[in-house]
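Each chain is listed here by its residues.
There are 2 protein chains.
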Amino acid sequence: MISHHEALEKVLATATHFGSEKIPLLESLNRILAEDIFADRDFPPFDRVTKDGIAVNSQALENNKTSFKIEAVYAAGSPQGILNSLENCVEIMTGAMLPKNCDSVIMYEDIEIKNGIATLQTEVKPRINIHRKGSDRQSGEKVLSKNQRISAKEIGVLATVGTSKVLVKKLPKIAIISTGDELVNVEETPLPHQIRTSNTLSLFAALEKEKITPTLLHIRDEKDIMLQQVENAIKNHDVLLLSGGVSKGKFDYLPEIFEELKVEKIFHRVLQRPGKPLWFGKQQEKNVTVFSFPGNPNSTFVNYHIYFIKWLTKSLELEDRNSEVILNTAVDANSNITRYLLVKTNAENGEIKAELLNENGSGDLISLANADGVILLPPEKVFEVGDLVEFVSF
Amino acid sequence: MISHHEALEKVLATATHFGSEKIPLLESLNRILAEDIFADRDFPPFDRVTKDGIAVNSQALENNKTSFKIEAVYAAGSPQGILNSLENCVEIMTGAMLPKNCDSVIMYEDIEIKNGIATLQTEVKPRINIHRKGSDRQSGEKVLSKNQRISAKEIGVLATVGTSKVLVKKLPKIAIISTGDELVNVEETPLPHQIRTSNTLSLFAALEKEKITPTLLHIRDEKDIMLQQVENAIKNHDVLLLSGGVSKGKFDYLPEIFEELKVEKIFHRVLQRPGKPLWFGKQQEKNVTVFSFPGNPNSTFVNYHIYFIKWLTKSLELEDRNSEVILNTAVDANSNITRYLLVKTNAENGEIKAELLNENGSGDLISLANADGVILLPPEKVFEVGDLVEFVSF
Chain A
1 MISHHEALEK VLATATHFGS EKIPLLESLN RILAEDIFAD RDFPPFDRVT KDGIAVNSQA
61 LENNKTSFKI EAVYAAGSPQ GILNSLENCV EIMTGAMLPK NCDSVIMYED IEIKNGIATL
121 QTEVKPRINI HRKGSDRQSG EKVLSKNQRI SAKEIGVLAT VGTSKVLVKK LPKIAIISTG
181 DELVNVEETP LPHQIRTSNT LSLFAALEKE KITPTLLHIR DEKDIMLQQV ENAIKNHDVL
241 LLSGGVSKGK FDYLPEIFEE LKVEKIFHRV LQRPGKPLWF GKQQEKNVTV FSFPGNPNST
301 FVNYHIYFIK WLTKSLELED RNSEVILNTA VDANSNITRY LLVKTNAENG EIKAELLNEN
361 GSGDLISLAN ADGVILLPPE KVFEVGDLVE FVSF
Chain B
1 MISHHEALEK VLATATHFGS EKIPLLESLN RILAEDIFAD RDFPPFDRVT KDGIAVNSQA
61 LENNKTSFKI EAVYAAGSPQ GILNSLENCV EIMTGAMLPK NCDSVIMYED IEIKNGIATL
121 QTEVKPRINI HRKGSDRQSG EKVLSKNQRI SAKEIGVLAT VGTSKVLVKK LPKIAIISTG
181 DELVNVEETP LPHQIRTSNT LSLFAALEKE KITPTLLHIR DEKDIMLQQV ENAIKNHDVL
241 LLSGGVSKGK FDYLPEIFEE LKVEKIFHRV LQRPGKPLWF GKQQEKNVTV FSFPGNPNST
301 FVNYHIYFIK WLTKSLELED RNSEVILNTA VDANSNITRY LLVKTNAENG EIKAELLNEN
361 GSGDLISLAN ADGVILLPPE KVFEVGDLVE FVSF
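As they're listed, the protein sequences go chains A and B.
Position one of the first sequence corresponds to residue 1 (the working numbering), numbered consecutively onward.
Position one of the second sequence corresponds to residue 1 (the working numbering), numbered consecutively onward.
Not one of these hints is a red herring.
The list makes no distinction among identical chains, and a pair is therefore deemed to hold if it is satisfied within one copy or across any two copies.
Dumping the calculated EDC-like pairs for lysine to aspartate or glutamate here, alpha-carbon to alpha-carbon at most 16 angstroms:
| id | residue 1 | residue 2 |
| --- | --- | --- |
| 1 | 310 | 6 |
| 2 | 282 | 256 |
| 3 | 165 | 36 |
| 4 | 173 | 210 |
| 5 | 211 | 27 |
| 6 | 133 | 42 |
| 7 | 262 | 285 |
| 8 | 282 | 260 |
| 9 | 209 | 27 |
| 10 | 165 | 187 |
| 11 | 142 | 42 |
| 12 | 286 | 264 |
| 13 | 353 | 324 |
| 14 | 100 | 87 |
| 15 | 165 | 188 |
| 16 | 125 | 110 |
| 17 | 248 | 109 |
| 18 | 286 | 260 |
| 19 | 250 | 109 |
| 20 | 65 | 110 |
| 21 | 22 | 187 |
| 22 | 282 | 259 |
| 23 | 235 | 285 |
| 24 | 276 | 109 |
| 25 | 250 | 112 |
| 26 | 248 | 112 |
These are computed hints drawn from the structure, not numbers from a lab.
Remember, predicted model here, so these are calculated numbers, not experimental data.
Build out the structure end to end from the sequences listed, making use of the hints.
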């Protein structure tokens, strides 16, 4: 059996690119940019007025002029205006282009307007209330980087520079396959020896966050049917996420089936809990990556985050932000396996503390619901209160 | 002008419930549970075998018996089996019901099977490798709570207890309305005095996270058209999020229009930056809440999170997890306004540190893209490196 560390390295070594595609801007939330994005013009694109009021020439202010005849009114969205006489002013609104011959904006709060004449009510500064052309970004400057995840803010930036179609990374086509004859559908009333399927639905929902809509499939524990359905799934997907069928049981046919379908076993069984029976492999010919998780819900969900999400992050060339939390309970990890313990995290005084959840180790999905993630405890170590430990968030 | 604190109180005082609705399980990700969820049976629902191997009666082990004739094989998903002779064993798979007359499971790793006889290879313990009926949850126990957000884990729990249709909080119908004649669509090439719309698209994307698909509307700065379109929007929505049109400019018609449409002004202008011109009100008759943000993108996006998201959180009765971060730069907030400064956060050694972004205060959406959120700096205070400050995440 290999260690968690070796297993993760082997998983990451198979990371794959899936190409890129152009999609409409409003569909691109949470997708990954596949190109750098540049400013298509200066930002702001013109000397932009930042207060409602009047625009004047600073010469007049320097000559201690305090009253200005209003020549015209310009709104945001008007073509650039002009101040004809440097003794006068124009009324101007936030967002408008600074008119020609003007270099100062005085806000309404500082003037009084009567009979077409604006009069200063207080001393004012020249050359203010203007957001200078190109002061945020110059035309051609990079505004967003390739391999960045697109959040709501990035949508705004993409809109600003006119990217109505966005080049994003393609996502893998994924099949989630459950096995196990004890499983029935959610809407069914299970017989005493049956339980409802839940694993695959948790994974389905988890993939929604990644903007992936997987195929959901349940296969009966019959070898011929299994072989045929896994073969089909390999034909039509880039990744298979399976749960169940890789333990040592008599009806755990998956390892044999993978062999028949030329899915090369990269490893089977890892020195870890939960998830010892984890099977991982690759069908080289079709470039399909196969994660075969143990059947119990906790184990599948945890290993999905520990292995699959890290693989996906690497495949999409996203930055993998490792995070650490502060342990608030001592843990004796005195064994030869890596342990993943469910924790609830609390941010207190700017520190992230991990509280261990009381699990009975049974793979109880209901305890899982209280967890924010797992801490990873390497083998043969004792952990004290206050120790920093690696954290994988759900 | 009122303070940020007063403004937020007034906003939260108008929080509204929108009722509840039943939706299919797989559509419920990120929605808010509108009812407590209870276990419909014990979990596990039966004494569940947790290892592949043989099941025996512990009497035989106590009598130092080491070889067992295999009576039968039971898979997961089979009805409960039975061990006829307490001297014998049955082969049993993970996930199966413990057969009658058995109370101990011995895993394959600890036995050898030859000619239908299983022989112990090592000393084994009685009464292990069984996950006891009801040990995770008893029938009728609460497994999820009302007002909880449904994440992938909760989808699994809901599936486990058979909730194929989930009662969730209804979400408000929202219109996002931009004003400002300088705005053109993303796919257009702006004239020198024009800019592309971006505000509304950022908000559209931000609402996608809340599972709300808003109506997007742009209104020209013409009072009659504005009046008619805002009136329409009020008829068909629970919330209006507007940007632009509430400053002191000549074409900032919105405050008048709100008055004509009986949208009661709760406040206009707040001692804060960005977002001083923020307008907030309510149309009582139709129960429509109106957030009217200033036109600049940074200001709108920040105030959306500071006010609207907190209002939505309260309306949906979600827990509002206030968070704090550690300042890594001294800030002199020596003014009478509350300031919202863009920060990038870093988790280091279990601590969350906030790095101030170098903004020019112009409402630059491109700087915004580098921020994880804002820190809130109350007026008349000086902040030192290491101080804890309130953080609002994007």
